[in-house]
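Visitor: When you get a sec, could you build the whole thing from the sequences and use the hints?
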Amino acid sequence: MGKFFNSVGRIEYRPDAGPEDTLVYRHYNPSEQVHGRTMEEWLRFSPCYFNMFRYFGTDDHYGNRFDGPHSPSWEDGSRSFSNYQRRMQAAFEFFGKLGVRFYSASDRDFAPEGESWEETCSMLEEATTMACNLQQQTGMRPLYFAADLFSHPRYMNGAATNPDSHVFAFACAQVKRAMDMAKRLQAEHFVFFHPRDGYQSPLQRQMYRDIQHMGHLYRMAVQYREKIGYKGHLLIQPKPFDPMRHQYECDAMSTMQLLRHFGMERHYKLYIKPAYSRMMNRPYYHDVQMASAFNMLGLVDAADSYPEVNGTSDICASNVRDATYVMKCYLEQSGMQYGYGGFNLGCRVRRESIEPRDMFHGMVLTMDTYARALRNAARMLSDGFFARNLQQRYISYKSGFGEKLDKGSTNFEECEAYVMKYGECQPQSSRHEHFDNMFNYYVYPSRQ
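Under my numbering, the first residue of the sequence shown is numbered 478, with each subsequent residue one higher.
Please keep in mind that the hints were generated in silico from the structure rather than gathered at the bench. Each hint should be verified, as a subset may be incorrect.
Here are the simulated DSSO-like pairs of lysine-lysine, each with C-alpha atoms no more than 27 Å apart in a straight line [stated by the list, open to error]:
1) Lys898 x Lys875
2) Lys653 x Lys704
3) Lys881 x Lys898
4) Lys660 x Lys704
5) Lys574 x Lys653
6) Lys884 x Lys898
7) Lys653 x Lys708
8) Lys574 x Lys480
9) Lys660 x Lys708
Label pairs and their in silico Cβ distance ranges [as the list claims (entries may be wrong)]:
10) Gln663 x Ala864: 19 to 29 Å
11) Gln689 x Val501: 28 to 38 Å
12) Ile831 x Asp719: 23 to 33 Å
Cβ atoms here follow ideal geometry from the backbone N, Cα and C, with glycine treated the same way.
Guide: Here's what the structure looks like:
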């Protein structure tokens with residue numbers, strides 16, 4: 478049964494499970510063929526090491542929820558290297574019982590910072606060797622790896638955008654070491670998170686210089702990736718705010734513009750957490766749709782957030798309707814167009830959920846939500862009703878003058894001549910309710 482999670486066996490697929498059987502998959506069947514691939518190939522689930530094993534329920538009102546008798550068996554509450562090693566053993570046991578092939582992690586998940594840069598690097602080297610051995614035993618590898626450029630106090634004013642050049646240099650050195658680790662671990666992606674690269678007040682910032690420094694970081698990462706022969710894809714995760722008042726890469730469009738401005742758009746794609754769209758009062762799926770439209774979608778984070786709470790909550794996804802929107806977009810571009818991709822399980826259980834088995838409940842809930850959404854979206858695409866309705870809505874662009882407009886092969890003078898010839902437009906109904914009703918047909922199928 479394992480050393481750390483003795484009360485939980487391997488999670489199995491049981492579609493006939495009852496309402497209280499919450500440690501089985503009701504919808505996620507890895508080998509099931511859906512729209513030309515298996516569920517496992519489409520979803521490529523990846524539990525997040527940080528949220529499962531380094532987040533201790535700390536909030537603005539209280540510290541570590543594991544202080545006292547509720548500490549899990551692998552935790553001693555210290556920042557010792559031995560505690561990190563024990564935590565890694567527990568993590569791989571946890572991942573294995575979920576039956577997944579991937580996990581996601583950062584450098585500081587594997588080892589603490591030492592008293593010197595040399596000591597830190599030595600511990601990371603040893604931890605990477607341990608992780609490689611565990612990967613070999615379990616057949617797992619990272620869906621993504623990252624450098625933690627936000628947890629340490631040195632990054633309180635940012636990493637690449639820090640006004641202190643020493644901090645920027647330190648961040649670059651840390652990314653270099655993390656990319657070395659990513660190569661050894663055979664991580665499919667390398668992700669850049671920048672939750673502290675923004676501003677609290679524009680009075681304190683030279684904004685263009687800050688953003689230019691981010692461009693320099695991305696350029697150096699591309700150069701180093703090529704130098705060491707790392708094959709993983711480079712990704713950036715946009716986030717609107719929290720903990721900074723405003724983050725420079727606040728959404729998909731701003732991040733794509735930054736990359737284009739610095740000529741980096743060929744080298745990077747986006748890692749989208751749909752829950753962050755809610756923080757900007759946009760639909761859950763907004764940034765997924767925008768990144769996909771420009772062929773810039775790299776990974777999706779399956780965590781959700783409370784719509785009424787304007788901040789990061791990383792709740793376990795349970796909204797099948799929102800997840801179906803995301804999966805529809807995902808399938809329409811055949812997963813990730815460059816052949817990798819997947820869904821990071823970046824959610825965390827609530828601080829009141831203090832039993833180790835609660836961690837499984839959270840992962841199962843999210844995985845089943847997206848597996849069900851995958852089936853819904855696959856039916857939508859197979860039936861073709863949405864494609865036909867959309868084609869009909871845009872039919873005026875298929876021929877004649879509309880086709881010239883669509884291809885950008887006309888001008889203002891020709892447009893005016895067209896209006897003078899044909900007169901006033903005849904408005905067409907958007908049939909908004911019709912589209913929503915069609916969508917509900919797949920999300921909430923009628924009983925047979």
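Visitor: When the hints from earlier in the document are held up against this structure, which numbers fail?
Guide: Of the numbered hints, 5, 10 and 11 do not hold.
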